[in-house]
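Q: Whole structure, please, built from the sequences with the hints as guidance.
There are 2 protein chains.
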Amino acid sequence: MTRFALTIEWDGRPFMGWQHQKHGPSVQEAIEDAAHAITGEDVLVHAAGRTDTGVHALGMRAHCDIEKPIEPFRLMEALNARLRPNPVAVLACEVVPGDWHARFSCVARHYEYRIRMRRAPLTLEKGFAWRIAPPLDPHAMAAGAAMLVGRHDFTTFRSAHCQADSPLRTLDRLDVVAEGDLIRVFASARSFLHHQVRSMVGCLALVGQGRWSPEDVRAALAAKDRGALGLNAPPDGLYFVRADYPSDAASD
Amino acid sequence: MTRFALTIEWDGRPFMGWQHQKHGPSVQEAIEDAAHAITGEDVLVHAAGRTDTGVHALGMRAHCDIEKPIEPFRLMEALNARLRPNPVAVLACEVVPGDWHARFSCVARHYEYRIRMRRAPLTLEKGFAWRIAPPLDPHAMAAGAAMLVGRHDFTTFRSAHCQADSPLRTLDRLDVVAEGDLIRVFASARSFLHHQVRSMVGCLALVGQGRWSPEDVRAALAAKDRGALGLNAPPDGLYFVRADYPSDAASD
Numbered sequence: 001m002t003r004f005a006l007t008i009e010w011d012g013r014p015f016m017g018w019q020h021q022k023h024g025p026s027v028q029e030a031i032e033d034a035a036h037a038i039t040g041e042d043v044l045v046h047a048a049g050r051t052d053t054g055v056h057a058l059g060m061r062a063h064c065d066i067e068k069p070i071e072p073f074r075l076m077e078a079l080n081a082r083l084r085p086n087p088v089a090v091l092a093c094e095v096v097p098g099d100w101h102a103r104f105s106c107v108a109r110h111y112e113y114r115i116r117m118r119r120a121p122l123t124l125e126k127g128f129a130w131r132i133a134p135p136l137d138p139h140a141m142a143a144g145a146a147m148l149v150g151r152h153d154f155t156t157f158r159s160a161h162c163q164a165d166s167p168l169r170t171l172d173r174l175d176v177v178a179e180g181d182l183i184r185v186f187a188s189a190r191s192f193l194h195h196q197v198r199s200m201v202g203c204l205a206l207v208g209q210g211r212w213s214p215e216d217v218r219a220a221l222a223a224k225d226r227g228a229l230g231l232n233a234p235p236d237g238l239y240f241v242r243a244d245y246p247s248d249a250a251s252d
Numbered sequence: 001m002t003r004f005a006l007t008i009e010w011d012g013r014p015f016m017g018w019q020h021q022k023h024g025p026s027v028q029e030a031i032e033d034a035a036h037a038i039t040g041e042d043v044l045v046h047a048a049g050r051t052d053t054g055v056h057a058l059g060m061r062a063h064c065d066i067e068k069p070i071e072p073f074r075l076m077e078a079l080n081a082r083l084r085p086n087p088v089a090v091l092a093c094e095v096v097p098g099d100w101h102a103r104f105s106c107v108a109r110h111y112e113y114r115i116r117m118r119r120a121p122l123t124l125e126k127g128f129a130w131r132i133a134p135p136l137d138p139h140a141m142a143a144g145a146a147m148l149v150g151r152h153d154f155t156t157f158r159s160a161h162c163q164a165d166s167p168l169r170t171l172d173r174l175d176v177v178a179e180g181d182l183i184r185v186f187a188s189a190r191s192f193l194h195h196q197v198r199s200m201v202g203c204l205a206l207v208g209q210g211r212w213s214p215e216d217v218r219a220a221l222a223a224k225d226r227g228a229l230g231l232n233a234p235p236d237g238l239y240f241v242r243a244d245y246p247s248d249a250a251s252d
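If you're matching them up, the sequences are chains X and Y in order.
For what it's worth, the UniProt record's numbering labels the leading residue of the first sequence as 1, then goes sequentially.
For what it's worth, the UniProt record's numbering labels the leading residue of the second sequence as 1, then goes sequentially.
Take the hints with a grain of salt, since some may be wrong.
No copy is singled out in the list; a pair is fine if it fits within one copy or between any two copies.
What the hints assert, rightly or not - Cross-link-like lysine to any residue pairs, in silico, SDA-like; alpha carbons within 20 Å at most: (1) Lys126 with Leu58; (2) Lys126 with Leu91; (3) Lys126 with Asp137; (4) Lys126 with Gly49; (5) Lys126 with Ala92; (6) Lys126 with Arg114; (7) Lys224 with Gly59; (8) Lys22 with Arg50; (9) Lys126 with Gly54; (10) Lys224 with Gly127; (11) Lys126 with Glu77; (12) Lys126 with Asn86; (13) Lys22 with Pro234; (14) Lys126 with Thr7.
What the hints contain is simulated information worked out from the structure, not anything from laboratory work.
Quick caveat, the model's predicted, so the values are computed rather than measured.
A: So, in structure tokens, the structure goes:
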């Protein structure tokens, strides 16, 4: 039995998120089906995080155990061949110790959210960004974002379906970077609550539009009440960028 | 009668290029249908350049004449509303003099070609870039590109279907810029022959792979023979970026 760590990229549009769903395709199912076709084994794939319908990944980490002897490079190539035409690709594959766990060993998760500020509908970026008509003030958004960094009770920014035991999370980074009419929001934490990034970005958009002040973000956080949420951003603009592990530093 | 200049963006994947085709959808048809629905007139839309199946545009310029009195902003909004769900958007619309012609008044055309250097299949960028497995040497590609800049007979880099009177063209710019595993090729000229950019990029890819030397590019050009072409790049990575007009400087 060998444990493999995978780095995975996908276009979230055709999937009902990462996790198995009864009523539609999931990224997990696509990868497990491909692994089964290669090995004949019932392979379970565990990811660093579960993403929602329509959410993309640039570098999700996952692991699986395989009995059949196979080199990591060969496994990656075979998975990519079998994953076609699904828009899912394995970018890296390595052997890891049997106690390495994509979810439980993960010490930091990094997301990016992309807002395209313009009036016209999106074409090339349709499904890949949240379009908001200008004006949008990125400096006000950054001031609002600063209210959320640190250790807080994020109940306001948590989906009713969130299964986490505690609403306490430490948000290490929430940066707003404007590049022309693209506004990128970078969020980093050890872990996030369900819908937390989209909920935070939704409120930052209200701040950018001048409908909320940065202080309103602080008040929404302090309310610890989902009813205080201003707006939940759509999944289109959300990307799972990277997961960090203590072992990464040594192997890089 | 008012002449309107349009700036248009589209995702080329579902279209058989810009121009009307009997056997499939075209961008021109989509815009003309939208204009007809708004005005009741048979509107002809002329573009700065004709693009092939699968080629994208970030800022194509076009013009059309409309009898019905309508403000440019209203026309743009109505076109965008009617164009849905086609991945075509009008980014700008202005009134221009009756002798302004999107094709004949155009003094420079700018294209970008995107190559993604990696082994794994593309997911988020599928249809939006040409994937080539590494290694690819962008410095060698730049040296090959330098062979093509200037005024030359580009017969080697011209499709058999090209309708231009002359194979002589002046290539003002052919720059190769590497950004991580993305290689961007920027091409500028007053006008291009049919398939010229894709044909040039195809040969530069051979140089990047070490299968051609930069000198081979010069030899292919000197051959003035389509048979000397090494490779035609796929449409996926090609973007019409911008068209320039003498009037732009005054209005900007």
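Q: All hints, please: hold or fail.
A: Checked hints:
no.: 1; hint: Lys126 with Leu58; result: both (17 Å within a copy, 14 Å between copies)
no.: 2; hint: Lys126 with Leu91; result: between (24 Å within a copy, 15 Å between copies)
no.: 3; hint: Lys126 with Asp137; result: neither (23 Å within a copy, 32 Å between copies)
no.: 4; hint: Lys126 with Gly49; result: neither (24 Å within a copy, 24 Å between copies)
no.: 5; hint: Lys126 with Ala92; result: between (27 Å within a copy, 19 Å between copies)
no.: 6; hint: Lys126 with Arg114; result: both (12 Å within a copy, 19 Å between copies)
no.: 7; hint: Lys224 with Gly59; result: neither (32 Å within a copy, 46 Å between copies)
no.: 8; hint: Lys22 with Arg50; result: within (16 Å within a copy, 46 Å between copies)
no.: 9; hint: Lys126 with Gly54; result: both (11 Å within a copy, 16 Å between copies)
no.: 10; hint: Lys224 with Gly127; result: neither (31 Å within a copy, 44 Å between copies)
no.: 11; hint: Lys126 with Glu77; result: between (29 Å within a copy, 18 Å between copies)
no.: 12; hint: Lys126 with Asn86; result: both (18 Å within a copy, 11 Å between copies)
no.: 13; hint: Lys22 with Pro234; result: neither (23 Å within a copy, 38 Å between copies)
no.: 14; hint: Lys126 with Thr7; result: between (25 Å within a copy, 18 Å between copies)
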